[in-house]
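Number of protein chains: 2
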Amino acid sequence: MNLDFLKKAEAAKPKLTVKTHTVKGGQVLAERETVVYDFGTHLVGYPKIWFSSVGAHYDAPALIKVRFCETAQELEEDTSSYNGWISKGWIQDEIIHLDVLPCAYAFKRRFAFRYIKAEVMATSPKYRLRIDKVSVKSVTSAPERIPVCGSSKREKAIDKVALKTLSECMQYEFEDGPKRDMRLWLGDLRLQALTNYQTYRHNDLVKRCLYLFAATADGEGNISQCVFTKPDVAPDDQSLFDYSLLFIPTLYDYFKETGDRQTINDLLPLAEKQIEIAKKRFDGDLIKDCDKLGWCFLDWSLDLNKQAGAQAVYIYAEKTLAKLLKELHRDASPYEKDVASKSAKAIEGFYDKERGLFVSGKQRQISYATNVWFVLAEVFKAKENALLLDRLQACKEAIKPITPYMMHHYVQALADSGNIGEARKVIGEYWGGMTERGADTFWELFDPEDPDQSPYGGKAVNSYCHAWSCTPAYFFRKYFAEV
Amino acid sequence: MNLDFLKKAEAAKPKLTVKTHTVKGGQVLAERETVVYDFGTHLVGYPKIWFSSVGAHYDAPALIKVRFCETAQELEEDTSSYNGWISKGWIQDEIIHLDVLPCAYAFKRRFAFRYIKAEVMATSPKYRLRIDKVSVKSVTSAPERIPVCGSSKREKAIDKVALKTLSECMQYEFEDGPKRDMRLWLGDLRLQALTNYQTYRHNDLVKRCLYLFAATADGEGNISQCVFTKPDVAPDDQSLFDYSLLFIPTLYDYFKETGDRQTINDLLPLAEKQIEIAKKRFDGDLIKDCDKLGWCFLDWSLDLNKQAGAQAVYIYAEKTLAKLLKELHRDASPYEKDVASKSAKAIEGFYDKERGLFVSGKQRQISYATNVWFVLAEVFKAKENALLLDRLQACKEAIKPITPYMMHHYVQALADSGNIGEARKVIGEYWGGMTERGADTFWELFDPEDPDQSPYGGKAVNSYCHAWSCTPAYFFRKYFAEV
Chain E
0 MNLDFLKKAE AAKPKLTVKT HTVKGGQVLA ERETVVYDFG THLVGYPKIW FSSVGAHYDA
60 PALIKVRFCE TAQELEEDTS SYNGWISKGW IQDEIIHLDV LPCAYAFKRR FAFRYIKAEV
120 MATSPKYRLR IDKVSVKSVT SAPERIPVCG SSKREKAIDK VALKTLSECM QYEFEDGPKR
180 DMRLWLGDLR LQALTNYQTY RHNDLVKRCL YLFAATADGE GNISQCVFTK PDVAPDDQSL
240 FDYSLLFIPT LYDYFKETGD RQTINDLLPL AEKQIEIAKK RFDGDLIKDC DKLGWCFLDW
300 SLDLNKQAGA QAVYIYAEKT LAKLLKELHR DASPYEKDVA SKSAKAIEGF YDKERGLFVS
360 GKQRQISYAT NVWFVLAEVF KAKENALLLD RLQACKEAIK PITPYMMHHY VQALADSGNI
420 GEARKVIGEY WGGMTERGAD TFWELFDPED PDQSPYGGKA VNSYCHAWSC TPAYFFRKYF
480 AEV
Chain Z
0 MNLDFLKKAE AAKPKLTVKT HTVKGGQVLA ERETVVYDFG THLVGYPKIW FSSVGAHYDA
60 PALIKVRFCE TAQELEEDTS SYNGWISKGW IQDEIIHLDV LPCAYAFKRR FAFRYIKAEV
120 MATSPKYRLR IDKVSVKSVT SAPERIPVCG SSKREKAIDK VALKTLSECM QYEFEDGPKR
180 DMRLWLGDLR LQALTNYQTY RHNDLVKRCL YLFAATADGE GNISQCVFTK PDVAPDDQSL
240 FDYSLLFIPT LYDYFKETGD RQTINDLLPL AEKQIEIAKK RFDGDLIKDC DKLGWCFLDW
300 SLDLNKQAGA QAVYIYAEKT LAKLLKELHR DASPYEKDVA SKSAKAIEGF YDKERGLFVS
360 GKQRQISYAT NVWFVLAEVF KAKENALLLD RLQACKEAIK PITPYMMHHY VQALADSGNI
420 GEARKVIGEY WGGMTERGAD TFWELFDPED PDQSPYGGKA VNSYCHAWSC TPAYFFRKYF
480 AEV
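Chains E and Z, in that order, give the protein sequences.
For the first sequence, numbering that gives the first Met the number 0 assigns the number 0 to the initial residue and increments by one for each residue that follows.
For the second sequence, numbering that gives the first Met the number 0 assigns the number 0 to the initial residue and increments by one for each residue that follows.
Accuracy of the hints is not assured; some may be wrong.
Since the list gives no way to pick one copy over another, a pair counts as held whenever it fits inside one copy or between any two copies.
[Stated by the list, open to error] Cut-off 25 Å, straight-line C-alpha distance, at most; resulting in silico cross-link-like pairs (SDA-like, lysine to any residue): (1) LYS6 x HIS56; (2) LYS229 x TRP49; (3) LYS229 x HIS56; (4) LYS291 x ARG127; (5) LYS291 x LYS361; (6) LYS23 x LEU267.
Please keep in mind that the hints were generated in silico from the structure rather than gathered at the bench.
Produce the complete structure using the sequences and hints provided.
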């Protein structure tokens with residue numbers, strides 16, 4: 000652990016703004032009856048419920064099941080049937096006893112929700128339960144709300160939800176999702192930081208997160224995919240090929256935004272290290288394929304072959320490193336040479352000239368992930384890339400994005416290749432698909448053709464406020480400036 | 000509410016002694032695995048469990064079900080199937096989330112148990128849960144343990160369990176049971192006080208409880224069957240015919256033990272009031288029958304007819320009042336006259352000369368409850384009573400005691416009529432039946448012929464440490480003095 004970096008991370012730890020939201024109660028519930036409270040929008044915070052008894056003096060503990068739901072749909076779900084591979088512990092269901100009535104029950108855990116559903120599992124024949132008041136102390140490290148933009152009702156709705164999504168994920172760190180994992184992930188951080196620069200401009204929070212990753216890198220410079228901060232700062236034991244490389248553009252974007260030379264001086268060696276480490280995955284200039292699930296992320300799709308996309312991310316990151324070095328008036332030529340040979344080899348190895356698309360793996364799989372990353376890596380020029388994206392759109396078999404994370408990169412690729420109109424259309428359709436389904440915050444996963452998707456074996460653990468989906472607020476301000 | 004009495008009750012509120020009990024952990028549990036910790040004896044207190052993770056850094060909340068069991072048998076019970084008429088909230092099952100590991104989870108609720116069973120409902124594929132330590136801060140207002148008595152291994156075992164039972168129920172009040180209802184009940188109080196005088200001699204706790212009942216009596220002098228103390232002191236909305244009358248002997252016993260004239264002066268008018276109130280249930284000198292369940296307790300038997308027993312309790316209480324008045328050099332003659340006429344009428348109305356037993360109700364039901372109370376009321380002389388009890392024992396159809404509460408009165412009746420040997424034998428058999436089944440504390444209910452009995456529709460809510468069963472410690476010291 001680099002204690003100097005850790006100290007710098009801790010020095011940039013933000014204070015949280017606490018705000019109280021209250022809904023009126025008054026409902027009287029008998030055993031097995033339920034009530035739902037709607038706070039009107041998504042909140043992250045600490046709930047408190049005021050209970051009393053109606054009838055004779057309470058003479059037995061009341062037993063209550065309290066569910067915290069991010070979406071209205073979750074209210075009706077049978078969470079007990081969830082049997083997926085990630086922890087049931089993420090399901091925001093609590094079973095509580097009330098020994099004394101009246102009482103104010105303050106939950107010690109933080110929840111992410113819009114709705115609170117309370118079900119009386121037991122009272123006694125002598126009393127019914129009354130819920131007198133429900134309140135939430137919401138927390139965020141985002142500054143006060145900023146004005147919404149967008150040129151249509153739909154765009155304004157999307158922007159509002161995007162801003163909300165980002166602010167809900169801004170806590171002591173940029174969290175991936177305030178319901179799950181409540182944790183700093185590198186891939187999410189990069190998109191949050193980009194959106195933050197266009198919106199809340201809480202740049203010290205980006206700095207803190209960069210230092211947290213740097214502090215927890217291992218002796219060889221491997222950056223973890225995510226960082227734990229409780230009970231102490233600690234790295235996860237896994238790295239992702241693409242996430243580690245994306246440390247470079249995250250650092251570059253931060254420098255472009257802030258001009259903070261001290262941070263660059265501290266963290267540049269680690270950024271360079273990422274190229275050195277990633278290079279080991281190559282046979283000459285061609286990246287090795289790997290069937291280990293999760294070695295490289297790209298998108299939350301189990302079918303996706305990652306080989307070609309990983310090479311594209313490498314080129315993208317190395318190009319960014321070269322740009323950064325040049326801005327610092329340092330020698331970038333070894334990286335530029337490497338970019339050139341890796342790009343040439345990528346075209347040779349992955350580009351299917353007949354189809355005009357990049358393919359990946361032995362099965363020569365076509366996917367948005369692969370092609371989008373080659374566009375972002377600017378292996379071809381903008382005009383060629385625009386045509387490539389047209390062909391991609393027309394390709395029925397191409398594996399589509401499943402996460403807003405991958406969808407962000409698709410929109411970025413459209414913007415980079417000059418097709419702002421299509422970029423905007425995609426945002427309207429994809430993110431608009433969520434707002435039209437009533438989203439208060441954007442979701443971790445959204446497949447318009449299969450909205451009940453979950454890679455976890457059950458929707459009950461999906462996150463419905465997820466950082467990586469906040470980028471419409473970035474695109475609106477950076478690319479659709481006339482709005 | 001009589002605030003003067005309340006003040007006196009509060010002034011006598013005891014301090015609790017806190018003691019820490021620890022069992023070593025070290026068990027590593029995967030999802031669905033369980034572990035049981037045995038504290039070696041029954042405890043009342045606040046548990047704390049130290050958890051940590053084994054494997055990679057914890058990356059999801061752990062979900063644990065923790066059950067607190069008074070008996071080993073409960074460990075195997077399916078509590079989720081309980082569907083009886085009193086609150087499921089009494090079942091000592093907790094479902095907790097652990098968001099940060101390692102952690103020490105301190106339960107805020109008080110539990111009564113010997114065993115703690117923890118079941119891991121969820122971790123994540125990356126870690127298993129380790130329980131490092133389990134401790135309990137036990138609480139009681141009983142003084143340090145006192146020497147066990149008894150002339151055999153069995154009697155010593157019974158006495159030890161009886162002492163433990165009483166001390167576990169001695170908290171800020173004499174509670175009926177530390178699992179359920181955790182509350183001051185008049186019928187229990189009387190037996191606890193009797194045992195207390197022979198053992199812990201915490202007489203201020205008796206005083207406090209007498210004042211709590213007196214403070215919460217209504218304007219007409221009706222004493223509640225039980226008193227709530229949380230959040231504030233308050234009476235229950237029900238009175239029991241026999242319990243209210245038993246305020247008189249409870250006060251009398253307290254006076255005999257302490258000579259505390261101040262308390263007698265305060266509470267005697269209320270004691271007299273009980274006779275006045277009870278008298279209203281009579282048609283002339285014969286008590287009215289009542290089919291309302293629970294108007295008079297006597298025993299936890301749904302089949303029991305209470306008419307005759309209630310009249311016996313009345314006579315017993317009124318006789319005690321007369322004794323008390325005489326000791327205070329006051330005029331007891333109106334009560335003595337009433338006792339005489341009520342006794343005569345009872346014999347006329349309830350005594351079946353042919354069978355030589357008291358009967359109750361239209362069905363002329365024979366029960367231990369009815370006959371025992373007539374023995375205690377000394378409607379006949381001791382020798383006659385001894386014969387009556389012999390006939391009772393021989394009567395196959397007599398409804399037997401189901402609670403240790405009723406069993407106490409049977410043993411008292413045997414002792415009062417001079418049959419110490421039989422009293423002792425009954426204790427050995429009945430209470431010994433519980434110790435032989437592994438009881439650390441005596442139970443609320445014990446029917447040797449049907450040990451799985453519950454009047455609540457399910458054993459899961461039965462109390463296995465119940466005040467009214469502590470009286471062997473009283474009998475051993477008061478009647479079997481040679482032991």
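A quick look at each hint next to the structure:
no. : hint            : verdict
1   : LYS6 x HIS56    : between (55 Å within a copy, 22 Å between copies)
2   : LYS229 x TRP49  : between (30 Å within a copy, 16 Å between copies)
3   : LYS229 x HIS56  : between (42 Å within a copy, 10 Å between copies)
4   : LYS291 x ARG127 : between (55 Å within a copy, 23 Å between copies)
5   : LYS291 x LYS361 : within (15 Å within a copy, 83 Å between copies)
6   : LYS23 x LEU267  : neither (53 Å within a copy, 49 Å between copies)
Checked against the numbered hints above, the structure violates only hint 6.
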